[in-house]
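S.K.: Line by line, the protein sequences are chains V and B. According to this note's numbering, the first sequence is numbered sequentially starting from 1. According to this note's numbering, the second sequence is numbered sequentially starting from 1001.
Since the hints were derived computationally from the structure, they do not count as laboratory data. Backbone N, C-alpha and C fix where the C-beta goes; we use that ideal spot for every residue, glycine too. Possibly wrong hints are sitting among the right ones.
[What the hints assert, rightly or not] Beta-carbon label-pair distances, calculated as ranges:
#, chain 1, residue 1, chain 2, residue 2, range
1, V, Glu237, B, Ile1245, 33 to 41 angstroms
2, V, Lys240, B, Thr1242, 30 to 38 angstroms
3, B, Gly1165, V, Gly315, 54 to 62 angstroms
[To be verified] Okay, the calculated bits of chain V under chain B, using three or more residues with CB under 8 angstroms as the criterion:
#, region
4, 101-107
5, 122-132
6, 222-228
7, 258-264
8, 320-334
9, 361-368
Listed below, chain by chain, are the residues.
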Amino acid sequence: MVEITDVVCSLCGCVCDDIVVEVEDNKVTKVKKGACAVGKSKLMGHGRIEEPAIRENGNLKDCSYDEAIKKAAEILAASRRPLLYGWSSTVCEADKVGVELAEEIGAVIDNTASVCHGPSVLAIQDVGLPSCTLGEVKNRADLIIYWGANPAAAHANHMKRYSYISKGYWTEEGKKNKKLVVVDVRRTPTAKMADVFLQIEQGKDYLVFSALRALLYGYDDVVPEEVGGISKKDLLETVKMMKEAKFGIIFFGMGVTHTRGRHNNIVNAIETTRAAHTHTKFSIMPMRGHYNVAGINQVCTWETGFPFAVDLSRGYAWYNPGEISATDLLIRRECDAALIIASDPGAHFPGESIRHLSKIPVIQIDPFPNPTTEFADVVIPAAISGVEAEGNVYRMDNIPIRLRKLVDTEYLADEEIMKSILEEVRAIKEKEGE
Amino acid sequence: MEELIEGEEKMQTIRLKIKEEVTNGAAKIPVEVDSLTPDKLAGKTEAEIKAVKVWWGNKEENTGDLFDVSVEGEAGSAEEVKIVLEGDLSRVKRIGDGMKAGEIEALGDVDMHCGAMMSGGKITVKGNADCWAGREMHGGELVIEGDAGDNLCAMYRGEMTGMTGGKVVVGGNAGECIAQNMAGGEIVIKGNVDILTGLNMKGGKITIEGDAVMPGADMTGGEITVKGKVLDMMPSFRLEGTESIESEEYKKYTGDLAMTEKKAKGVLYVK
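Model the full assembly from the supplied sequences, consistent with the hints where possible.
M.R.: What follows is the structure, encoded as structure tokens:
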């Protein structure tokens, strides 16, 4: 038995890096410390895609890695409008090869931010992001606002490690000297812990942010008695807390990015942070979901200039979420082939998108079977990043952290699979060119 | 006088009818026709037009392979060219993108970016136009007889300025965030609009004959008139009084104070 410390969790955007596990006979046998229940489940392992497979007459038939990779390359090389989607639950090294492949075949490359914090990324491009690291929040923040986010369920270690409950250098008494404000449409488990809970009407976030800005700038006279289901009295109380804080932080989730107003809600949230700056130190951060969704945004940006939804069909990068984003492309039935890696559109995309996916050739690369496997035509199993393969990922605050390899495996890592597909595509193109 | 008559006589009509096999596949891959504007086709023969390249997915194809092409008359300049697009245009993107002169008539619903970046001439859409029609338009006229999608007359992602000039008329309704970052020009919507019309606008004039939701957010200049109802009025506008427009009484608001008083130079008229 070997004890491994400082293990990094490859589940959510918290990327906890203080986990201790026990390994025996090349298997993780115990998670001793640090991980939440979901993270622990991933580290301990569960059902796998066991063999590469190609669909024949409606059924997946096992094949070799070489055959599956060759088939995948043939599909992609022949495609007029291919989509390469996913990338958030794997490492940056694999993502980099993905962008290279997209360029080679004139594909659209998009990642799960598209159905997650893509609106946040759009907003950041419009107005910037006065942000900080989670370390700063832990050590300094005395007012924590969760807006449209429920970390108690979705980022189980977030409050304990980084925010409300954590103990830091200037926050050594933990939550005793901190205030927690939660804005949500329902009383979530996180809301139950809050000093102030503002129950907002669905789809009214934009109005409430604008009201807060007007109040922070001192125009109390124009703001009506109620905005978005919240009384002016409660809004004024919140503004008072914001002004009196030494260091405030707004963490926002998909309750804000995926409601009426979408990315403009985030523009307004960022502008609210800016308005708070006229009184005190304030910061804002998206609660990124997958452990490396921030990383694919980084990679895609440094390779193409844009973080997601990039169309390389005309030989240059055209970026237009709403037009080029995966769900929109699929609803419009634009794609004629798709490669899905480290994600599960089968479970998360709108029905109309999935219907089109089921009609076109789909290649899936993933360690685990999921609803996407049900209609994939080529299935390629991969090593589990952070357990069987190492590589770099970016935490939700854009801090790069290196995932560790804990056990050996026969499965190929995502990066190796992607490199093989790219090589095979180039060989096909070279042959066509002859 | 003689010159004028000669000018009137010269008129060229280029008919482009999209072939059925382009639009009836399992995948509906858009054709991008920014290379088919009056400016770019003026002076070309039918054979030359057929050889102009258009993008269809990740491959460039000859116009003649995707469209039935016919040319009537002659033109001395782009002003004398009229392009008529026919067939299923619902996957034809960038119609009249960047056009400077002449006329385009689209006989049906068109795909995204129709009239984007145009600076002159006229486009008439005899149907609906998908998102980003008139994006960053500088001049000319765009008439959409049906509905317009989201981001009408707005901008490419991340661009700080939307429409700066020209006139746009929409016969039906329009979508979200129309005229975002608008700095000049005029827009008339005969129907209703979805949320955030004139978001962050700095100049220009918008008239909504129907209803609007949260119009004028973050505006720092320009003018929006809503003749129907305003749903979810922004909480950060100041009521200045009433004013009469076309003999009807309107409340005059200034804003958006969320941008601070110094910048809040936008005007919003609400019934």
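S.K.: Which of the numbered hints above does this structure break?
M.R.: Violated: hints 3 and 9.
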